[in-house]
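Given the coordinates of chain A, assemble chains B, C and D onto it according to the supplied hints.
Protein chains: 4
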Amino acid sequence: MSQPNNSVAVLGAAGFTGKEILRILAAHPSLSLVHITSDKYAGKTLSESFPELPRQPGKELTFQTHDAVVPQGAFVLMATPNEVSMARVPELVQRGHRVVDLSGAFRLHDRARFLEYYKLEHTAFDLMQQAAFGIPELFKEKIQSARLVANPGCFPTGVIIPLSRLAAFQADILGISIDAKSGVSGAGGRTEDGGFSYTSVYENFRAYKILGHQHWPEIVEYGAPDLEDRIVFTPHLLPLFRGILSTITVFWKSQAPDLHAIFNKLDHPFVRVLPTPEEVQLNRVQHTNYLDIGLRSRGKQTVIVTALDNLVKGAAGQAIQNLNLMAGIQETTGLV
Amino acid sequence: MSQPNNSVAVLGAAGFTGKEILRILAAHPSLSLVHITSDKYAGKTLSESFPELPRQPGKELTFQTHDAVVPQGAFVLMATPNEVSMARVPELVQRGHRVVDLSGAFRLHDRARFLEYYKLEHTAFDLMQQAAFGIPELFKEKIQSARLVANPGCFPTGVIIPLSRLAAFQADILGISIDAKSGVSGAGGRTEDGGFSYTSVYENFRAYKILGHQHWPEIVEYGAPDLEDRIVFTPHLLPLFRGILSTITVFWKSQAPDLHAIFNKLDHPFVRVLPTPEEVQLNRVQHTNYLDIGLRSRGKQTVIVTALDNLVKGAAGQAIQNLNLMAGIQETTGLV
Amino acid sequence: MSQPNNSVAVLGAAGFTGKEILRILAAHPSLSLVHITSDKYAGKTLSESFPELPRQPGKELTFQTHDAVVPQGAFVLMATPNEVSMARVPELVQRGHRVVDLSGAFRLHDRARFLEYYKLEHTAFDLMQQAAFGIPELFKEKIQSARLVANPGCFPTGVIIPLSRLAAFQADILGISIDAKSGVSGAGGRTEDGGFSYTSVYENFRAYKILGHQHWPEIVEYGAPDLEDRIVFTPHLLPLFRGILSTITVFWKSQAPDLHAIFNKLDHPFVRVLPTPEEVQLNRVQHTNYLDIGLRSRGKQTVIVTALDNLVKGAAGQAIQNLNLMAGIQETTGLV
Amino acid sequence: MSQPNNSVAVLGAAGFTGKEILRILAAHPSLSLVHITSDKYAGKTLSESFPELPRQPGKELTFQTHDAVVPQGAFVLMATPNEVSMARVPELVQRGHRVVDLSGAFRLHDRARFLEYYKLEHTAFDLMQQAAFGIPELFKEKIQSARLVANPGCFPTGVIIPLSRLAAFQADILGISIDAKSGVSGAGGRTEDGGFSYTSVYENFRAYKILGHQHWPEIVEYGAPDLEDRIVFTPHLLPLFRGILSTITVFWKSQAPDLHAIFNKLDHPFVRVLPTPEEVQLNRVQHTNYLDIGLRSRGKQTVIVTALDNLVKGAAGQAIQNLNLMAGIQETTGLV
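Chains as they are written, first to last, in this note's numbering: chain A, 1 to 336; chain B, 1 to 336; chain C, 1 to 336; chain D, 1 to 336.
Calculated from the structure, these hints are not laboratory results. Be aware that one or more of the hints could be misleading.
Said to hold, decoys possible - With a straight-line Cα cutoff of 30 Å, these simulated DSSO-like cross-link-like pairs (lysine-lysine) come out: (1) B:Lys209 <-> D:Lys209; (2) B:Lys59 <-> B:Lys44; (3) A:Lys40 <-> C:Lys209; (4) B:Lys140 <-> C:Lys209; (5) B:Lys59 <-> C:Lys209; (6) C:Lys209 <-> D:Lys265; (7) C:Lys300 <-> D:Lys40; (8) D:Lys209 <-> B:Lys44; (9) A:Lys140 <-> D:Lys209; (10) A:Lys253 <-> B:Lys300; (11) C:Lys140 <-> B:Lys59; (12) B:Lys140 <-> A:Lys209; (13) C:Lys265 <-> C:Lys300; (14) A:Lys140 <-> A:Lys40; (15) A:Lys253 <-> A:Lys300; (16) B:Lys253 <-> A:Lys209.
Unchecked claim - Beyond 12 Å from chain C on every Cβ pair, some chain D residues (computed): (17) Lys19; (18) Pro29; (19) Leu53; (20) Leu61; (21) Thr62; (22) Val84; (23) His97; (24) His109; (25) Thr123; (26) Asn204; (27) Ile231; (28) His236; (29) His268; (30) Glu279; (31) Gln286.
What the hints assert, rightly or not - Computed footprint of chain B on chain A, listed as stretches where at least three residues anywhere in the stretch have a Cβ under 8 Å from a Cβ of chain B: (32) 227-235; (33) 243-251.
These numbers were taken from a predicted model, which means no experiment stands behind them. Ideal Cβ positions, reconstructed from N, Cα and C, are used throughout, including at glycine.
Next comes chain A alone, as it looks inside the complex (with noise of 0.2 Å):
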């Protein structure tokens, strides 16, 4: 094998995340998949799981279980539950693989926290120390050395990547109003066998989590740790597939400062800020690894609204991404 760091193996390859994660390796130059694992398809292949998925003649893979041996030297993407990345993560490590985690185990740094908002006892917070958090705009080098990457939730890459550059200002900030609606897809509808009921979405719209959502402290850690008690997050569900759309409000005790210069200045492959917050709109981000931010300012408040792909720029894209990187090839590679 000419290449042994370029072979990666997918832990959860049957939910959305993982079948996107499938997608774009499909397709991917550089990188080689090599183990999948999954309790609902063990035992098919993966052309008989996923027919629409692309073809890979002559690499026929069989779905394993989540416990069967990962091949030596493959990197790991884990598309596993909390309680599956905790179990299995450290072990993984151990055993010297190079792993990107998309599950919610090792995104953040204060226990009583974690405890409180996934309800699990962590067994393996250690680990935590050696995490990188997986958002290449801001933690780029880590990641490329980093042996575990956690990463970000589908809410917290929209809105932490704005805030960051709100970071010299926070002292000027009374409040930031996070509301964020999300597709099906995100919104805890993993699953295509469960999740919710054509009835209850159709035609309807409604928040959930109000004040109590498991990313807000994801948010707050990383996006505006000294305003943690000035951060709302509040989640709704669209009724649509795919997209999140976080319409981001800053109260300032004076005047608003001029952010667009700020703006302007993040110079990353995958961010794009648009002349105006109304051209920021799911149908430009679905399918791509893009996050699109927009802002208007009047007096003493900002309007901030990002969009992203969940799927994508939300999850397997910007695993993807994080994996380019760790592997030491272009961040680019693979992704739209």
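For chains B, C and D alone, coordinates are given in the frame of chain A:
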């Protein structure tokens, strides 16, 4: 005619709002439709134009043009554009008609703001002094005797009623973010012919008129006049037909007051305070005249969620509720 | 009680159909709801369970279980599963109640077919002889005096009425293809709790129960008994909530007869024959009791398109239409 | 230029179909896009106009107008209106280009029918003799050497392939009903700007161009020429974006033949015969080049259900499949 005070004319009876008015009147036990206008359907009968409306045996009306003479003594509901309302309302009031106007022409008392937000020179601004603002839960007595009622915009109703409960607390508030999401029938897609294209709405979501929507001055004037430089209103377009859900985030100077007691005192037939804000959702209010409200506080913030049907409590239903009061009949008559 | 014959009990009042019955009865001027059952809501009041239904001041009902005693003399509407209808209808009829049953239990006269299509041994098949088939446009007199009316399935109503116009031509027909498409509320998604998942319906379309749907024998028995080996019925699931559109293609042995004259003779208050089949569409019949029909012939073929609201003319509305006839009041009372 | 035969020009690259062509070509390993035209985007770069398409580092193209000179030797894909194709194809072929035309201009061999169904006088009808009909599963060899390929309409592909399996049985057939349902992107809503309004499609369904759609003569010529007076084609508009499902009902003179064996012999890389017709559904073929087929017979009838993505196998994907054959590369290259 035995009940001259209960005959009703509807000007502009062909858009989504006009049709909803016709639907409610068709089943109304005390009000009697006697005159309808529509530039689009002029010359056609009501049942030809809207075969889906309830039958009115022996009572076939024909659409007139907007400038046709309204029968003496009839109440007038104006579901007309701002310009048509400005032009015709003064004359109708002069001729003794009592009018409910659903346009934006007679809602604001600040002439400069009207010009700024409506881009129209007002030709009958003095009539504003006679107008009652048409939220019965707040201005019932004034409405009962009004010659002219300015029916509120679809967004403001769901915001002003909860904000009115915070009137005594305005000095304790740092800022209020109002993030409102509307179905297509309320967001400018008022005519069946034009409006949004399918592919621009389906599987899409976006904000519009950020920091510049014409309902903002209405919300400020009637909802929180002391906080005008601290209120942000951001409307969004949902991929569905009817309903508005508003998420109102209040930032307090210190610990949030206990609002449940204050909101539970709301005792109006069409306002329901639900146990939790997550229960507030569009499919509980669609096709009804209800405004649903739920809220939760944590630390120095409160999140209030409200929902209503933009065509009913946000327009036609509230207009009939006002008309009931003006006609001296039970406020809830003919409404669900 | 001054109008003992106009009191109504609704058994199984909690599904989509039951709710639609309650909605119609709430506004019905002559029929009075006196008893409601639901295994799901038993013990709760109607307004607690369905706050979106019209208010009935001073008339609060509480849901009973299905086996509760029905008030003497009340008409009974059964919106219950086949098994419950089979079990309770004989006893109710015996006790003197006149019943409209919306299940499939009493529609077919061929016992073998009932077993084949419903997978149930019928325990009260002799009652079939007393049952009228509940399409008022075809069986009005029988319904008026019936003790038991079997309300048709949602698909058959839109097929049997047009096929009945072809009765005299059966010998000239080579085959009839009925391609029917239903919204989720009619296609088995009858309960709000269960039913289809959002991601299995949204942006999707499929056929189901091909050459084996339980409405096929009903269509054959009442619509075209001589053509039973020449009628194909294929139902499909639409990504929308309410409405059924059926496309009926007739292959004639020779040139198609002139059917417009024959169809234009249809003179029923809830049947509309439109000028062209392209005008027949769901949003003209939703929330109404209308059946719309349009047709076109060319050479040796005819295409007939029909549309109805599966919850109204396809279920609850037609049931009330039948009840009106049984109660000796105007057929259209309380219906749109 | 080392591979002169593998450069591709796309004329009319801005509609839904054009965009899909660009998407496929962006990831195609052997074909190279060198020229794009669009009257709408002329003068703008590709990445400005379609930021959601994959990046092509170092290969930025600018849209030309339709009449710009096509680079020597390039294959030409025409995603232009019928009139533009009629006007430009003769000249392009004359100049030595090999062309795949996605319009309807070169599909029919019956001049009278072209005039009847397209309402256009054909100005280059003699070119029809050189054109291959672009269904690779049926006309592979002719396509490989063709100067001009007429890519089929979106509906015909899903009908002609299954009908071709019945060719030997035409004399045993009494009639064929083809009931086809298309998403908005295929049913005439070809441009993002215009097209259908949201409120005319959402929660609605209807048939259109009954007994008069321009794809009927195409289906007859290539699918069942002996049955032209016995084939009915009825298209419908679905409230979704992409996909066509066709329900084909065959009436046999006597017992239906065993078709499973015949269909299972279909051995083409993009045709899948599924075990049951109920498994054929849009979300298994969307974003792929597959045509899925399922069927069931009972007595003297057969129901065949087929599904494809109208933008891929129904247009852009099939065009690339044809181009692959013309360029002498693997038929499946660059296609999912």
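To see whether the hints hold, each was checked on the structure:
{"no.": "1", "hint": "B:Lys209 <-> D:Lys209", "result": "violated (40 Å)"}
{"no.": "2", "hint": "B:Lys59 <-> B:Lys44", "result": "holds (14 Å)"}
{"no.": "3", "hint": "A:Lys40 <-> C:Lys209", "result": "holds (26 Å)"}
{"no.": "4", "hint": "B:Lys140 <-> C:Lys209", "result": "violated (57 Å)"}
{"no.": "5", "hint": "B:Lys59 <-> C:Lys209", "result": "violated (46 Å)"}
{"no.": "6", "hint": "C:Lys209 <-> D:Lys265", "result": "holds (25 Å)"}
{"no.": "7", "hint": "C:Lys300 <-> D:Lys40", "result": "violated (45 Å)"}
{"no.": "8", "hint": "D:Lys209 <-> B:Lys44", "result": "holds (27 Å)"}
{"no.": "9", "hint": "A:Lys140 <-> D:Lys209", "result": "violated (57 Å)"}
{"no.": "10", "hint": "A:Lys253 <-> B:Lys300", "result": "holds (16 Å)"}
{"no.": "11", "hint": "C:Lys140 <-> B:Lys59", "result": "holds (27 Å)"}
{"no.": "12", "hint": "B:Lys140 <-> A:Lys209", "result": "violated (36 Å)"}
{"no.": "13", "hint": "C:Lys265 <-> C:Lys300", "result": "holds (22 Å)"}
{"no.": "14", "hint": "A:Lys140 <-> A:Lys40", "result": "violated (34 Å)"}
{"no.": "15", "hint": "A:Lys253 <-> A:Lys300", "result": "holds (7 Å)"}
{"no.": "16", "hint": "B:Lys253 <-> A:Lys209", "result": "holds (24 Å)"}
{"no.": "17", "hint": "Lys19", "result": "holds (18 Å)"}
{"no.": "18", "hint": "Pro29", "result": "holds (30 Å)"}
{"no.": "19", "hint": "Leu53", "result": "holds (21 Å)"}
{"no.": "20", "hint": "Leu61", "result": "holds (31 Å)"}
{"no.": "21", "hint": "Thr62", "result": "holds (34 Å)"}
{"no.": "22", "hint": "Val84", "result": "holds (28 Å)"}
{"no.": "23", "hint": "His97", "result": "holds (37 Å)"}
{"no.": "24", "hint": "His109", "result": "holds (21 Å)"}
{"no.": "25", "hint": "Thr123", "result": "holds (29 Å)"}
{"no.": "26", "hint": "Asn204", "result": "violated (4 Å)"}
{"no.": "27", "hint": "Ile231", "result": "violated (9 Å)"}
{"no.": "28", "hint": "His236", "result": "violated (7 Å)"}
{"no.": "29", "hint": "His268", "result": "holds (23 Å)"}
{"no.": "30", "hint": "Glu279", "result": "violated (8 Å)"}
{"no.": "31", "hint": "Gln286", "result": "violated (7 Å)"}
{"no.": "32", "hint": "227-235", "result": "holds (count 4)"}
{"no.": "33", "hint": "243-251", "result": "holds (count 5)"}
Against the hints set out earlier in the document, violations occur for numbers 1, 4, 5, 7, 9, 12, 14, 26, 27, 28, 30, 31.
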